[in-house]
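Novice: The chain contents come next:
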Amino acid sequence: MTRTDTPAAGAQPLLELTDLHVYYGNIEALKGVSLTVGRGEVVTLIGSNGAGKSTTLRAISGTHKPRSGTIKFEGREIQHLPAHEVVTFGIAHSPEGRKVFSRMTVFENLQMGAFSRREKIDDDITRVFDLFPRLRERRSQKAGTMSGGEQQMLAMGRALMAHPTILLLDEPSMGLSPILTEQIFKIIAEINEQGTTVLLVEQNALMALHAAHRGYVIQTGKILLADTAANLAANEQVRQAYLGEI
Amino acid sequence: MPVRRSRLNFVNLFLWVLGGSILALAAFGAFLTIQQGRLSGDQWQTLIVAGIALGSVYALLALGYTLVYGILFMINFAHGEVFMWGAFTAYFAATALNNAGMMASNPILAFVLVLATAMLVSMLVAVMLERIAYRPLRGAPRLVPLITAIGASLTLQYTARGFYGSGVRAYPDFTLFDGSIALGPVGMTVKQFVVIASAITIMVLLYLFINNTRTGRAMRAVSEDKDVAAMMGINVDRIIVTTFAIGGLLAGAAGILYTLLFNQVHFFMGFLPGIKAFTAAVLGGIGNVIGAALGGLTLGILESLGPNLLLTGYGIPAPNQLKDVIAFSVLVLVLIFRPAGFLGRKENV
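Sequence order for the protein chains is H and S.
Letter 101 of the first sequence, counting from 1, is numbered 406 in the numbering used here, and no numbers are missing.
Letter 163 of the second sequence, counting from 1, is numbered 167 in the numbering used here, and no numbers are missing.
If you are wondering where the hints come from, they were derived from the structure by calculation, not from laboratory data.
Glycine included, every Cβ here is placed at the ideal spot set by N, Cα and C.
Misleading hints may appear alongside valid ones.
To be verified - Where chain S lies over chain H, by a calculated footprint (3+ residues, C-beta under 8 Å): (1) 377 to 389; (2) 394 to 407; (3) 411 to 419.
Go ahead and model the full structure; you've got the sequences and the hints to work with.
Specialist: Here it is in structure tokens:
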């Protein structure tokens, strides 16, 4: 895994969030979040429960509309677009809690992932099965009957079926054993090496900072820190708050 | 298990006793009827066939309820009126074709045309219903679209009454379907055969559509999780309209099949079949496609066979007058003892 410590300096960012405000009813979940993701990067957004990590991803994928602020993808503003159009731009979202279609088979779930594309999907299926050999074995099984780890693989595979330029990954390690978590992170690195940009939301800050090039720390809806992953991992404040050191 | 409110054990006990005694009464009635030999084997067979024919119509209607429920978790109580509008359209189309002499010269084409127009109009009514009455209320508390549904139902009923009056209109006869037919040892009228065969064909097509097409998969995805379905690139609103449209097509088909069996149309004709099809959908497990088909057939057979089998033994005169009592007793019993229906909500749209 290559890990440069330089942010996408100079180059136009792939994804740019500017002063994003998102509400749930009257509760302000994001209070002016700005962040950028460069092409080819793995960027992580870390923070504690309820800090606004998932909300940020939901705003990007169009699932929850921001009240103000802009989201630019490849230079175009997309914050007003409905979710089913956002995905056609090359933004795929693997949501928190996996959310696989549990009454559908593994294969059908992957077909759903490619719903936004009308071309042949055989090669993509092969690619996903190569990344997650486990899914090949289970292709005819109902997704709801699989283990948490398998469902996580399916959720990621399903998102990849959209041929995304950027993959939004929400808590891929949630509820998984350390061994499985390590495996998932290896696959994230592999996906990135194959050319997909990744925006990774994690509570497991240690693993996330290890895998990412750059990181943002979010707290109660505001970006607290932004730096290279290595610097964040070395930051005293981060170590105390998120890496479990006292 | 019905014991969900364990603190109300007295109520549960009462319900069990009530349900048990109704079942015992029914069983005893059936025993008496059979013992007295009031009806011949042929008569029983006729009743069962009539029940299957009626049940096929209920099944087509029940599918409309269950598809919409599967996606919106809402009971479209105006569905019976979608059916009624299909039947009315069929009436006008059939009368027009009859006057033009087409029913005599080319009866098959005439039937197909009548079927197509009825299905189309029902589909349009269902789609308008969704756009005007339900879509603006998406996200409103559940009670709100329910009340709208009742309002829409009355609007559609009395619009029909305003246009066409409150009289019963006789349907022109499809002489093509006169006579009877024997399938092995089972005899039935040609009309019953057409009704059952059309309903089965339509249901098989629907099943294949839901399981094997892109839109069918999208419908299943939306019924599981609208947010995630949208993330996949599915236009959820479009799938919801499609679902109403399919429900409307089925209701239109049910409308013409029903008039084929009963030969008349009336502005209020959607009410009882609508409620009964809803019962059938609950019976099979609301949200479950196969359940709706099964529930419809079960209810049709129960309604046709039940009064004769369960009540004649007690010497009750004209038991068929009580068929609705049987249908709705079944609804109440199912709601008490098996609120999730025969099949629950496992695999479905």
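Novice: All the hints need checking, so say for each whether the structure fits it.
Specialist: Hint check results:
1. 377 to 389: holds (count 3)
2. 394 to 407: With 6 residues closer than 8 Å to chain S, the segment 394 to 407 of chain H meets the three-residue bar; holds.
3. 411 to 419: Satisfied; 4 residues make the cut.
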